[in-house]
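A.B. asks: Taken in order, these protein sequences are the chains called B and X.
Position one of the first sequence corresponds to residue 99 (my numbering), numbered consecutively onward.
Position one of the second sequence corresponds to residue 631 (my numbering), numbered consecutively onward.
Read the hints as simulated data drawn from the structure, not as lab findings.
A virtual CB, placed ideally from N, CA and C, is assigned to each residue, including glycine.
Don't take every hint at face value.
Far from chain B, some chain X residues (derived; all Cβ distances over 12 Å) [to be verified]:
hint	residue
1	F640
2	L641
3	I652
4	A729
5	Q732
6	H735
7	I747
8	I748
9	L764
10	N791
11	R800
12	A896
13	R959
14	F984
15	Y1029
If you want the footprint, here are the derived chain B segments under chain X, 3+ residues with CB under 8 Å [to be verified]:
hint	segment
16	99-105
17	119-126
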Amino acid sequence: MLGIGLLQGLAVTARNFLGSFHGRSRYVTTEYPEERTQLPEAYRNFPFLVTESPEDPMGTLRCVACQICEKECPPQCIYIVKSRDKKPDATGKMQLYPAVFDIDTAVCMSCQICVEVCPFDAIKMDQVFEIAATDRFSGLLLNRNTLAKPNSYFHSLHPTDAAEVDGRLAAARKAAEEKARAAAAAKAAAAAKPQTPAAQSAQAPKPSPPAA
Amino acid sequence: MSAAAHTDSFLERAPLLARDFITGRLPEPARWTANTLITIALLLAAFGLLFAFLTLAERKILGRVQNRPGPNRTGWFGLLQPFADGVKMLTKEDLVPRASDQVLHYLAPVALLSLSIITFAVIPYGRHMVPVDLDAGVLYFFAAGSATELSIFMAGWASHNKYALLAAMRALAQLISYELPLLLSVVPVVLAAGTLSTSGIVDAQHGWAWGVVPRWNVFTPWGAAGFAIFFVSSLAESNRSPFDLPEAESELIAGHLTEYSGFKYALFFMAEYFGMCALSGMGVTLFLGGWRSPLAALEFIPSYGWFTLKLLALLGCFIWIRATLPRLRIDQLTRLAWKFLVPLALVNLGMAAFWALSAGWAGPLQLARWAVALAIVAVPFLLLGRRLSRGVAPRTYRYA
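Go ahead and model the full structure; you've got the sequences and the hints to work with.
C.D. replies: Next up, the structure:
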């Protein structure tokens, strides 16, 4: 009959109206500045740089300034200047580090490609979305000091991802140590062997394997 | 008798006493003018505040229906929101197109608002509270209400904008289409009461059948059908959803309001709400017993209190319907008016005539009277409904 559908529709809206006073299932609003929802683990917006130690963030950046992310970034919001000197990286190898690492969050489109291409697990996606600034140029341009955040922070944001990365890095570090130990052992064995004096004198001043 | 005691209780007379207290000191010749001015000021203040808080209530209720809180930041529970909106509207730039007819463009919102306001004059707000008790109050009300259509076309024409003009034509088509069922649904009330005076119509609805059911027009078969037709038509007359095509925000730019901004736009908005309030007030007067209380035991609540309660309930229904129904297409809209509401209103007029002629039927004939009366309107309703929805409903949705 004509009109039954109208009444059914009115009943639906009335049920929603009354239900919104009744239970949380029909009233889903989170009144944001006062209350906050738990962000999902996979939520991302802008990248940050992982450091090993919170005390010395600039000294322990995982980034080795390889500039892959800078080249891959579709909107080209990353700007990197390599350092002149080297320092040991996460696996103990001597590496360059970024003297300048800037990300323009006004340009960044949060695509996560920089994270995917980074071979050193040095850049990850952050979850800070309250980045309003009074100056849209300098306020939204993040430098390496503001980008550097400790590994423990990465753990708090993306626990599963961070555990997997830590496992991989520990394995790499262990493999590097074992390789170094094997090399040292081989060298020691070679040294113990009777050799010609000329060869001995040539090898003696050489230091033990690098990056112990 | 207790009813008589309530009729002239202090609460009932309080507004009049307060008015006379103020104007009593004036010399006799100035008293009438002062009384009228006070009435006008009170009406404007009351309906202005009602308009302000109606916009808030509408947003809150729409929000709740959509499971969200609605505005709640400005003041306690968002109670200052209407005033914040008002300040915003007042401080906006008032753009007038260079090609527009400046005088008409300026005059249209003013004419619309003043024509909506003058309809408030004949509504009986309480037992002793009719601002102007005209002998032909109903006629005056609908005459003034129809004149608002003129100013809508004025707005569209003066804007010198093809979209505004087209939308004004559509608005005019809608308003004229629905004027007819609106008026036809009122005729039975006039027929039953034998008067065009609004206070006379309220007087005709006094008393209780079997001591319980109030003798309001809506509790008679022709009154129920008439009220339904009146309600649907008044939704369309006041440009309310689902008949809000003239300004359909999501589809047109803003219809005939395209070239209006700032405070002039606010005036149109205000006129729409005033029109809605006036039509609701008229609906209460014509069908819901006006200021009369539903039960004799509840007569201690003064008559203007009952009027306000009924008015708010009816306005709540307007908002509820806006929250529920999607907008009609222009062809569906005119079809509903001309092919459904107008024939039904005419049939309803016949039913009212039958009801008036069979007033003397008593005993078991009463049942026959009700059955015949209901059949007179229910059978055309079913037949028309079936005919109009043939091939339209039930609808099978095919996804693109």
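A.B. asks: State for each hint whether it applies.
C.D. replies: Against the structure, the hints:
X:F640, annotated as away from the interface, keeps every beta carbon of chain B farther than 12 Å; the closest lies near 37 Å. Here X:L641 stays apart from chain B, with its beta-carbon at least about 32 Å from theirs, past the 12 Å limit. Against chain B, the non-interface label of X:I652 holds: every CB pair exceeds 12 Å, the least being about 42 Å. Every beta carbon of chain B lies more than 12 Å from that of X:A729, the smallest distance being close to 38 Å; the non-interface claim holds.
Interface exclusion of X:Q732 from chain B stands, the closest Cβ pair being 41 Å apart, more than 12 Å. Consistency note on X:H735: stated as away from chain B, and its beta-carbon is indeed over 12 Å from all of that chain's, at 38 Å minimum. For X:I747, the condition that its CB be more than 12 Å from all CB atoms of chain B holds, with the nearest at approximately 31 Å. The Cβ of X:I748 sits about 33 Å from the closest Cβ of chain B, beyond the 12 Å cut-off, so the non-interface label holds.
Separation of X:L764 from chain B is adequate, the least Cβ-Cβ distance of about 36 Å exceeding the 12 Å criterion. The claim that X:N791 lies off the interface holds: its Cβ sits roughly 35 Å from the closest Cβ of chain B, which is beyond the 12 Å cut-off. Consistency note on X:R800: stated as away from chain B, and its beta-carbon is indeed over 12 Å from all of that chain's, at 23 Å minimum. The non-interface label for X:A896 is consistent with chain B: the shortest C-beta to C-beta separation is roughly 28 Å, beyond 12 Å.
Residue placement check: X:R959 keeps its beta carbon more than 12 Å from all beta carbons of chain B (closest about 16 Å). Residue placement check: X:F984 keeps its beta carbon more than 12 Å from all beta carbons of chain B (closest about 23 Å). Against the 12 Å criterion, X:Y1029 stays outside the reach of chain B, whose nearest CB is about 20 Å from its own CB. Given a C-beta distance limit of less than 8 Å, the hint that chain X covers the segment 99-105 of chain B holds, as 5 residues qualify and 3 suffice.
Look at the segment 119-126 of chain B against chain X: 4 of its residues bring a Cβ nearer than 8 Å to a Cβ of that chain, three or more, so the hint holds.
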